[in-house]
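Chains as they are written, first to last, in this note's numbering: chain G, 1 to 143; chain S, 1 to 324; chain F, 1 to 493.
Treat the hints as calculated values from the structure; they're not laboratory data. There's no promise every hint is true.
Unchecked claim - From the structure, some residues in chain S lie toward chain F, with a derived Cβ separation under 7 Å: (1) Gly72; (2) Ala76; (3) Phe157; (4) Ile180; (5) Ala192; (6) Pro226; (7) Gln227; (8) Val229; (9) Ile232; (10) Asn235.
Unchecked claim - Straight-line C-alpha distance at most 27 Å; calculated DSSO-like pairs for lysine-lysine: (11) F:Lys243 with G:Lys115; (12) S:Lys150 with F:Lys130; (13) S:Lys219 with F:Lys130; (14) S:Lys144 with F:Lys424; (15) G:Lys114 with F:Lys462; (16) G:Lys2 with F:Lys49; (17) F:Lys424 with S:Lys131; (18) F:Lys218 with G:Lys114; (19) F:Lys158 with S:Lys128; (20) G:Lys2 with F:Lys462; (21) S:Lys131 with F:Lys130; (22) G:Lys59 with F:Lys130; (23) F:Lys214 with S:Lys150; (24) G:Lys2 with F:Lys130; (25) S:Lys128 with F:Lys214; (26) F:Lys49 with S:Lys52; (27) F:Lys385 with G:Lys115; (28) S:Lys312 with S:Lys298; (29) G:Lys114 with F:Lys385; (30) F:Lys290 with S:Lys129; (31) F:Lys218 with G:Lys115; (32) F:Lys218 with S:Lys129; (33) F:Lys49 with S:Lys287; (34) F:Lys462 with S:Lys147; (35) F:Lys158 with G:Lys59; (36) S:Lys178 with S:Lys240; (37) F:Lys49 with S:Lys283.
Please read these numbers as outputs of a predicted model, since none were measured by experiment. Virtual Cβ for every residue (Gly too), placed ideally from N, Cα, C.
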Amino acid sequence: MKDRYLSAAVLGFGIIYTIAAWNLPRAPVGNPLGPVYFPLVLGLFIALIGFLMLLQSLKAHHEEHAAKSGRYAIRILTVLAFCVAYALMFNRIGFLFSSFVFLSALLILLNGFKKWLMNFSISILYTVGIWYLFEKVFLINLP
Amino acid sequence: MKEKVLTVITLVTFITAIFGAAYPDKPLNFIAPGGPGGGWDTTIRVVAQTLKETNLVTQPIVVTNMPGGGGGVGLAHMQTKKADPYTIIVFSPPLLLINLTGQTQYSFRDLTPLAMLIHDYGAFAVSKKSKFNSISEVMEALKKDPKSVKVGGISAFGSMDHIQFLIAAKAAGVQNLKDITYVSFQEGEHLAALLGGHIDVLSTGLAEATTALQAGAIKILAITAPQRVSGILANVPTLKEEGIDAEFVNWRGLFGPPEMPDYAVEYWINALSKMVQTAEWEKVVAKYNWTKAFMPGKDFLNYLEKVNEEYKVVLKELGLYKGE
Amino acid sequence: MYGFKVVFIPSNFLWLTLGCFLGTVIGMLPGLGPATGIALLLPLTFVMKPETALITMCAIFYGAMFGGSRSSILLNIPGDGSAVASCFDGYPMTLKGEAEVALAISAIASFIGGLISSIAFVLLALPLAKIALMFGPPEYFALMVLALTATASMSEGKVLKGLLSMALGLMVSMVGLDPQSGVSRFTFGNLELQGGIDFVVVIIGIYGLGEVFKNLEKIGRGEMLQPIKKKFGKIWITKEQWKRSLVPMLRATPIGFLIGILPGAGGTIAALMSYNVEKRLSKEPERFGKGAIEGLAAPEAANNACSIGAILPTLTLGIPGSGTAAIMLGALMIYGLQPGPLLFEFYPEIGWGVVASLFVGNFIAAVMNLPLAGLLVRILAIPPKILYPLITALCFIGVYAINLSVVDFYLLILFGLLGYAMRKFEIPTAPMILASVVGRKFEQSFRQSLMISGGDFSIFFKSAISVTLLILAVLSLVYPTVSAALKKKRHAV
């Protein structure tokens, strides 16, 4: 079943990509279609793979057990939300503060709030260590 | 105690306000909009090195390569650095060309010109084993069949390496300029392509050609300068000597991002005008066969306006201009 | 011999050692590969004499090649494209509790690959440089086709999924300004995407963050509360393991070296190709991907051989064979040195000094890496619930170091999710990584060829090299299908 959904998605995506490729701007100089051919063929190629995978999955009849992953999905989504929040904060409030908060949040989520002292000291050590390495040794500016 | 701290703070603010002495107080970011080893890369690394050797700039300077789109990627990157006094980029004619051919929406007006530093020229090279021994022979072959000679270069289709060859071909009387094959290579691959016989003529800059000439692998047929240059290229004729009435100046200069603050612009014009008078600068200019051509901010902008019109005329004639 | 004198001048030797160490550290951090490492430390070398500077840069180069695979083996996060293949069997070995063996064989294989290549360098520098010139756009195109199809068809029975993965990688490489025409493609109006997506972001996302997401699931199920490893053995290998790995290493070295000589082909192709070769030649291909020692030894040897091969055209022809070599070439020119065959005549202390530093540096890096590995292996003693948050943070900062842009953060998250999804749907990741590394060159060499031929496709069949490569590519696609069919038949009978 899983493969059937996947192949249908691949097929659909291939078609969308082909259309997007066709709508790419034409080259202002040289062969106007030059930059379009490759993405176009690529889109059709993806659609073809999707189609072949669909045929294959229709032929195969074995049942699969759907793994229950509902609870873990929430955890993954939380981490994902932290990541996006980190990306949003990074330039606004600077590397030091945002990284500290990000790492602490992840550690609290996984390691538990009870070990807060350990969590916070790891976060501080990491943040300051990386900051020193980049700013002083590599001369890369962090916000 | 508190008072003392306060005084110090006031004093520091005061000094900073008056002299702007604090700038630059962070490492500077220099950008080469092409790959390592190319003309832009060489220029900006040499400038960074000279500024450091002469102690004109004491802050560390980090050079970053941002290749792609014939300079368009670097130009686009500068648009994200609006008003940042710590980012500086090097550019040359492609800055105008990629805009005129419609490859990028940004033009030189979307940067802050700091100063023009040097003139460089184009060179047309062939492999040592090539049957061509002069640029006129190449042009004759092209006149008979524009498809018979394959030209290659680093810049994209319609940018500098391509245009400088077409300008020469046009002056030599070649028809059907649009039919001439031009292949754009990644930096570092163009020489291999010429030596391996995958292209017949390489249209490139003097510095790049010099490197390969010293390695003993190529012949240089002509340069696009108004007169011969000194050094190991002294034996190479100009286009004019070969009876082709054309020249192409590859100017190079430094630019800041759009809306770069005035104090930063002033600082750089000052620092660069001092740099071009040093013996160290004299030495590197001679080494790379460049011609000194210092021109600060405002004048540089006027110059750009002028050459932009000139390129426009050429591109229109070639059918490559994509403006109004 | 003259070169060794140069290397053993105390200051040069000191810098060589320091360079190896710095390189190893840089190589271990995700996102900082050898190219970035040398670029970062370039200003440091301006104060040195040219030969010292070059020796230091070379040292950073091998150090990074040695270090790049550490995180692949221990954490399944490759530091660079060329370390991707080291994940396939290196990480399973760690999971089996053989991390010490894996680290030891990786250092030994790197050393052997490097040593043989250095000898080849000295003996064959000039004739081999000529091979690089025979590769024009059509030959490059054929080489890319072979690398892609060989990798996509590597997993038997899942060729379609392999091809899908390859297509995803090619899609990534389409993003940005097209070099032949300057048209911007799939950038959604975003300026920072015009430069294209850096493949290191893809690697860190798919492997690093993707791995973290997968493990979050396991931690949730309570499967991974204990550290991966608590007891540590000696970093060494047994005779039997040595026997298994020796031949693969010797096979992988020439593959890596030859690919290294070609400008722009690079370590990723070298490592993956040698892995493919070993898997195809093996009598028990089913062991691959589950911690087969020869599956780690081969790409490690190829990888180092490739990095030495890449220096060859740089010094002899002035044509850089890799991004890293290009930066070294740029540095040479800052010192006013003209690379080329004459370099060895005019500046013997530089030419031969570099060659000698290849031998000595290789040895130092290997010696340094054995005890260092002993330290590193202790990372595995950190409980996963602390280790994975740290890895996540490290992925982000590694990605930031590449372009100093937050846009890459969002790309990282996107590729992290994609990597997780690919693991769920059992889509192989290697073809995607390879495609995103070579995709741009793949397309460009195709279009350059057609431009040279004036649109005539026969150009791809004109040279013996490209025809051979294309035939190999077709065979690599057909072989798994045929061999699977044959197996079925045999079973049926």
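Hint by hint, which ones does the structure fall short of?
Structure breaks hints 4, 6, 7, 8, 9, 10, 11, 14, 15, 16, 17, 19, 20, 22, 23, 24, 25, 30 and 32.
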